[in-house]
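Got chain A sorted already, so can you dock chain B onto it with the hints?
If you read the protein sequences in the order shown, they are chains A and B. For the first sequence, position 110 (counting from the first letter as 1) is numbered 110 according to the UniProt record's numbering, and the numbering increases by one without interruption. For the second sequence, position 56 (counting from the first letter as 1) is numbered 56 according to the UniProt record's numbering, and the numbering increases by one without interruption.
If you're looking for bench data, these hints aren't it; they were derived computationally from the structure. Keep in mind it's a predicted model, so treat the numbers as computed, not measured. Honestly, I wouldn't trust all of these hints.
To be verified - Partial pick of chain B residues on the chain A-facing surface, computed with a CB cut under 10 angstroms:
#1 Ile-51
#2 Thr-221
#3 Thr-249
Said to hold, decoys possible - Below, in silico cross-link-like pairs of lysine-lysine (DSBU-like), each with a Cα-Cα straight-line distance of 35 angstroms or less:
#4 A:Lys-33 to B:Lys-19
#5 B:Lys-232 to A:Lys-76
#6 A:Lys-80 to B:Lys-87
#7 B:Lys-87 to A:Lys-59
#8 B:Lys-127 to A:Lys-33
#9 B:Lys-191 to A:Lys-33
Where is the CB? At the ideal position from N, CA and C, for every residue including glycine.
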Amino acid sequence: MNVTQAAFRAGLFDPELPAPNGLQNPDGAQASKRFDVYRNNVAVGLSDALEAAFPVIRKLVGDNFFRAMAGVYLRKHPPKSPLMMFYGQAMPQFLRRFGPAQSLPYLPDIALLELAMRRAYHAADAGSVDPQSLGALAPDALLASRLRFAPAVQVLKSGYPIHAIYRANTTADAPKPVMKPENVLITRAGFDPQIHLLDQAATTCIAALKDGATLGETLVDDRLDLGATLALLLGQSAITSIY
Amino acid sequence: MFDQPRDTPLPALPGVGYKPQHYADIIKDADPVGWLEIHAENYMGDGGRPIAQLRHLAERFPISVHGVGLSIGSEGDLDPDHLARLKHLVDWLNPASFSEHLAWSTHDSHFLNDLLPLPYTETTLAKVASHITQVQDTLGRQMLLENPSSYLAFAESTYSEPDFLREIVARTGCGLLLDVNNVFVSATNLKTSPQAYIDAFPVDAVGEIHLGGHDEDQDETGAPLLIDSHGKAVVDPVWALLDYTLARTGPKPLLIEWDNDVPDWATLADEAKRAAKALDGVAA
Numbered sequence: 001m002n003v004t005q006a007a008f009r010a011g012l013f014d015p016e017l018p019a020p021n022g023l024q025n026p027d028g029a030q031a032s033k034r035f036d037v038y039r040n041n042v043a044v045g046l047s048d049a050l051e052a053a054f055p056v057i058r059k060l061v062g063d064n065f066f067r068a069m070a071g072v073y074l075r076k077h078p079p080k081s082p083l084m085m086f087y088g089q090a091m092p093q094f095l096r097r098f099g100p101a102q103s104l105p106y107l108p109d110i111a112l113l114e115l116a117m118r119r120a121y122h123a124a125d126a127g128s129v130d131p132q133s134l135g136a137l138a139p140d141a142l143l144a145s146r147l148r149f150a151p152a153v154q155v156l157k158s159g160y161p162i163h164a165i166y167r168a169n170t171t172a173d174a175p176k177p178v179m180k181p182e183n184v185l186i187t188r189a190g191f192d193p194q195i196h197l198l199d200q201a202a203t204t205c206i207a208a209l210k211d212g213a214t215l216g217e218t219l220v221d222d223r224l225d226l227g228a229t230l231a232l233l234l235g236q237s238a239i240t241s242i243y
Numbered sequence: 001m002f003d004q005p006r007d008t009p010l011p012a013l014p015g016v017g018y019k020p021q022h023y024a025d026i027i028k029d030a031d032p033v034g035w036l037e038i039h040a041e042n043y044m045g046d047g048g049r050p051i052a053q054l055r056h057l058a059e060r061f062p063i064s065v066h067g068v069g070l071s072i073g074s075e076g077d078l079d080p081d082h083l084a085r086l087k088h089l090v091d092w093l094n095p096a097s098f099s100e101h102l103a104w105s106t107h108d109s110h111f112l113n114d115l116l117p118l119p120y121t122e123t124t125l126a127k128v129a130s131h132i133t134q135v136q137d138t139l140g141r142q143m144l145l146e147n148p149s150s151y152l153a154f155a156e157s158t159y160s161e162p163d164f165l166r167e168i169v170a171r172t173g174c175g176l177l178l179d180v181n182n183v184f185v186s187a188t189n190l191k192t193s194p195q196a197y198i199d200a201f202p203v204d205a206v207g208e209i210h211l212g213g214h215d216e217d218q219d220e221t222g223a224p225l226l227i228d229s230h231g232k233a234v235v236d237p238v239w240a241l242l243d244y245t246l247a248r249t250g251p252k253p254l255l256i257e258w259d260n261d262v263p264d265w266a267t268l269a270d271e272a273k274r275a276a277k278a279l280d281g282v283a284a
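Chain B with its partners taken away, still in its complex shape:
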């Protein structure tokens, strides 16, 4: 029934974050979308429509499972119950990819439902690496780790983010999910160069690229403050940064994330078409 074996990676095509309101459109004609990403936590119920839709979609599309609740950046231990739920999902679905975030969301058994930042130090490096090893050992597969959006900096950090991620890859053998919008948001917010970030990024480990929309605000000093809202179209400077990134990485699976104020399928498919064009312009 499931003909997406574990060793078949995501194709270097546009994908979209799956939203149930697009189900009928996707079944009818998904062009140019070649794969779908789901949020793991939305498919951890016992049954009903969400699971039935996912089973049906998985027969037609490679699926990327994207976790938002594992809290890999926690100071404390991973939640064993949640890891078991994740293993159950990954075991029956056998997705083309599993990814999670360089962030924390659970503290003291309370889930905060946001991707919260961590400093980049020897201590956090060791903790994150041990969590990733635990996840990969439990799932029996490699995972991809996504770079976060940053709104502020930690005085205690001793690693740059690309260096931190490179060291994580070296210690765990995980791959990376490079979110180009997050790079743009973080660089703007922290007044650094997004191109320099891409130049320093361990691109050999990249297994997937994310693109999404952001909101614009200002901090108390009037400096630009971009918010990673996933609520609108990808802006031109991020598309330009994507071209810059693809020139280094080569063609990669390219996801459009649009989680809030979700548009109709035609609008989302237009974003995917623009992603397809960006991929077309890249030498393999």
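Isolated chain A (complex conformation):
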């Protein structure tokens, strides 16, 4: 009896199936517990990768809930690439529909944030623009300029307090989250991604700049403090060049 890899794989993900015919113990009997070694390796390996990817989600739901949820996720969304550092891309959409998680409606956005932090961690290194070169521009020239951003830089908008929830679960003595919408900027000046709370005006401004707007084109909201926004971006090495 030849064992196809399709049959082997099907058995790995369905504990109700017997081990494929043709897999044997040393005495020639049909393998059972020996096949379970592979089942266990696959489930534990993928579950561990999800734990590493989503430490804040895990803290929010607890170890037992996370393990059970990971068991469902890994069967529904097995990895499509051998790069386990990026496993879990479907977690936000999975959490939106995962019944037992519906009482925590902010989980999908926290998953998006954790994925974004991981992307930032592995993003390409980038040099940053000399802040003086911005300061040297005449006001008209400055407002006509566009910015290029480091690959790690991302803006996330949420209807939930994602910054406060993230901080409360990663930083000692962080304040308790208050339920309100929050937007964040992710940067990586050195090797460790940083998360910054953004107000609505700065969010719109940075998102527009990332889409290629000139600085002048972002001056649509009276509440925008362009100086403070640029200072944040420059201070976090978020801008690689102006053009």
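Here is chain B on its own, set in the frame of chain A:
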């Protein structure tokens, strides 16, 4: 910047699987570790700390790139995207060695994150050999193929594992990575003799030896079932099998693998010291 040319092989010294938590210790004093092995897939991001650390380490140590995701034993084709990523890594790093496993891990474009077994038949021999030739042609270098840990046997197999590997070497010109712990685990699990396996192994092709820890369990009949966990120290019977192996192979680059429940550097360095002693006792 990189002074480890392609034709400089790994030295016949102890090496360890590199873990980021040991970075500062390694930079300070790596003795007796003479080289490092990395898992290729962990260094396929675009940048950041992992790549920066690897660049820094590669200036100081010969590096062995050990792939865990190429799925050389697949029934289907190799993933061209993954092979391209591997080529990119090997091209910029120019490591002393590249190795992969006699196993499969991807089926139908789903990656299963484990080293899964294959039967040893004419069909699988032809497939594995063509995959290895494709890898070596793409990378422009010889690769080493590692013997797996086996928990069960395939009724359809017509080759013994050493014979299968010898034929792969003959057809592709690849080298072999002999994992002595895997030999011990497989022999225990399949009730065969680990010494007989070493006796039958094509030792002339061995470019590197692996050692690691395993867990002990039992199957449903009460027979011993060893699990290749890489989560603890190498056990005495495996050290003894190493001595037996080195007597046949002569001194080889000797890696301590410890991937789970990773210990502090001092504990890992002690394992490397024991490996150094084993190498000291072998005539070149």
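Each hint, compared with the structure:
Using the Cβ-Cβ criterion of 10 angstroms, the hint placing B:Ile-51 at the interface with chain A is satisfied: the shortest such distance is roughly 8 angstroms. Given hint, B:Thr-221 at the interface with chain A, holds; its Cβ is 7 angstroms from that chain's nearest Cβ, closer than 10 angstroms. Taking 10 angstroms as the C-beta contact cut-off toward chain A, the hint placing B:Thr-249 at the interface is violated, the least distance being around 27 angstroms. Proposed proximity of A:Lys-33 and B:Lys-19 is supported: the alpha carbons are some 32 angstroms apart, at most 35 angstroms.
Between B:Lys-232 and A:Lys-76 the alpha-carbon distance is near 32 angstroms, which keeps this suggested pair within the 35 angstroms criterion. Proximity of A:Lys-80 to B:Lys-87 is assessed by CA-CA distance (about 19 angstroms); at most 35 angstroms being required, the pair is judged to hold. Simply put, B:Lys-87 and A:Lys-59 have alpha-carbon atoms about 38 angstroms apart, too far for the 35 angstroms limit, and the pair is violated. Of the pairs offered as hints, the one joining B:Lys-127 and A:Lys-33 holds, with about 29 angstroms between alpha carbons and a cut-off of 35 angstroms not exceeded.
Between B:Lys-191 and A:Lys-33, the direct Cα distance comes to roughly 16 angstroms. Compliance with the 35 angstroms bound is thereby established for this hinted pair.
Hint compliance for this structure: hints 3, 7 are not met, and every other hint is.
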